[in-house]
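Student: We have chain A; now place chain F onto it with these hints.
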Amino acid sequence: MRDQAGQTAIVDEAAVERLKGFGGVKLVRGMVELFVQNAPVRASEAREAFDCGDAAALRAALHALKSSAGQLGASSVYAACIAGEELASRGELGPCAMHLQRIETDLPLVCEHLEHIRADSVA
Amino acid sequence: MPTLAVVEDNADNRLLLQAILGDRYDLVEYDNGVDALSGIATQRPDLVLLDISLPGMDGTEILQRIRRDGALRALPVIALTAHAMAGDREKFLAAGFDDYITKPIIDEGELFAAIERLLPKR
Numbered sequence: 065m066r067d068q069a070g071q072t073a074i075v076d077e078a079a080v081e082r083l084k085g086f087g088g089v090k091l092v093r094g095m096v097e098l099f100v101q102n103a104p105v106r107a108s109e110a111r112e113a114f115d116c117g118d119a120a121a122l123r124a125a126l127h128a129l130k131s132s133a134g135q136l137g138a139s140s141v142y143a144a145c146i147a148g149e150e151l152a153s154r155g156e157l158g159p160c161a162m163h164l165q166r167i168e169t170d171l172p173l174v175c176e177h178l179e180h181i182r183a184d185s186v187a
Numbered sequence: 133m134p135t136l137a138v139v140e141d142n143a144d145n146r147l148l149l150q151a152i153l154g155d156r157y158d159l160v161e162y163d164n165g166v167d168a169l170s171g172i173a174t175q176r177p178d179l180v181l182l183d184i185s186l187p188g189m190d191g192t193e194i195l196q197r198i199r200r201d202g203a204l205r206a207l208p209v210i211a212l213t214a215h216a217m218a219g220d221r222e223k224f225l226a227a228g229f230d231d232y233i234t235k236p237i238i239d240e241g242e243l244f245a246a247i248e249r250l251l252p253k254r
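Protein chains in written order, with the working numbering: chain A, 65 to 187; chain F, 133 to 254.
Don't take every hint at face value.
[What the hints assert, rightly or not] One side only, chain A facing chain F, incomplete, derived with CB under 10 Å:
hint, residue
1, R82
2, G87
3, L91
4, M95
5, L98
6, N102
7, P104
8, A128
9, K130
10, S132
11, Q135
12, A147
13, E149
14, C175
By construction, these hints were calculated from the structure, which means they are not laboratory data. Built from N, CA and C at the ideal position, the CB exists for glycine as well.
Just chain A, with the same shape it has in the complex (with noise of 0.2 Å):
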């Protein structure tokens, strides 16, 4: 999903349009407000785990976070987790380093811009 700017977009906004049809806006209030809680608790859990050698642990994490960047259209930070979730499964940590940063740096952005759209539905 790319913007006006042709930038992949940080939030694929077809999922949120589409969580407001499942609940309207008082549920994409909720998803963001749990996202935006629970999202980076799971991404410093996937780095602990990684940081440990702990691959099950860090399976565990993304897959967490997986379902929720899904559900929320973070596209860049769901295809991490698919892409570092079979390597973890695999025991293949070495290269889950590159998904874990893609993850680290693209999930900050996608909280910001949640609760932009968080803010907006309030109005």
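Tutor: Using the frame of chain A, we list chain F on its own:
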């Protein structure tokens, strides 16, 4: 109104399922396998939506325990999973799940169709 047990550790997924399904079904939510098995045994739902990747006891083990319980054996159970790898559907159906829904949930119609197909006829 039919009762669905939702076994899902992610709060946002429970919130989503409540938003999608709450008008049509009574949902009883569990965030772990131990509580789910205890609750399902005492308050039997009409159908179970069961996340596969739960911490501790995972969804496949919960399903096996349901299938071993004479009183619960015939309970329809739909797997909810963020796994999306080739062959997963066949794997989960072979394990004894009645159907399989992938997350993120894109099409609520697919979820409703699976539930209505499996609910006991009213």
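Student: Once the shortest beta carbon distance from N102/A to chain F is found, is it less than 10 Å?
Tutor: holds, 7 Å
Student: Using Cβ atoms only, decide whether M95/A comes closer than 10 Å to chain F, and label the hint accordingly.
Tutor: M95/A check passes; min Cβ-Cβ to chain F is 5 Å, inside 10 Å.
Student: Let me know if the C-beta of K130/A comes in closer than 10 Å to any C-beta of chain F, holds or violated.
Tutor: holds, 5 Å
Student: Once the shortest beta carbon distance from R82/A to chain F is found, is it less than 10 Å?
Tutor: Given a least distance of 7 Å, the restraint on R82/A holds.
Student: Taking the least C-beta to C-beta distance, is C175/A closer than 10 Å to chain F?
Tutor: violated, 14 Å
Student: Under 10 Å, Cβ to Cβ, is where P104/A needs to be relative to chain F, so tell me if that hint holds or is violated.
Tutor: violated, 14 Å
Student: Tell me if Q135/A is really an interface residue toward chain F, meaning its C-beta lies closer than 10 Å to one of theirs.
Tutor: Interface hint status for Q135/A: holds (4 Å vs cutoff 10 Å).
Student: So, as I understand it, the hint says L98/A touches chain F; can you test that by seeing if any CB pair is closer than 10 Å?
Tutor: holds, 4 Å
Student: Take the shortest C-beta to C-beta distance between A147/A and chain F; is it under 10 Å?
Tutor: For A147/A, the interface hint is violated, since the closest Cβ of chain F sits about 12 Å away, which is over 10 Å.
Student: Holds or violated: S132/A as interface residue toward chain F, Cβ cutoff 10 Å?
Tutor: For S132/A, the interface hint holds, since the closest Cβ of chain F sits about 5 Å away, which is under 10 Å.
Student: Does E149/A pass the interface check with chain F, least Cβ-Cβ distance below 10 Å?
Tutor: Since the shortest Cβ distance to chain F is 9 Å, the answer is holds.
Student: Does the CB of L91/A sit less than 10 Å away from some CB of chain F?
Tutor: holds, 4 Å
Against the hints set out earlier in the document, violations occur for numbers 7, 12 and 14.
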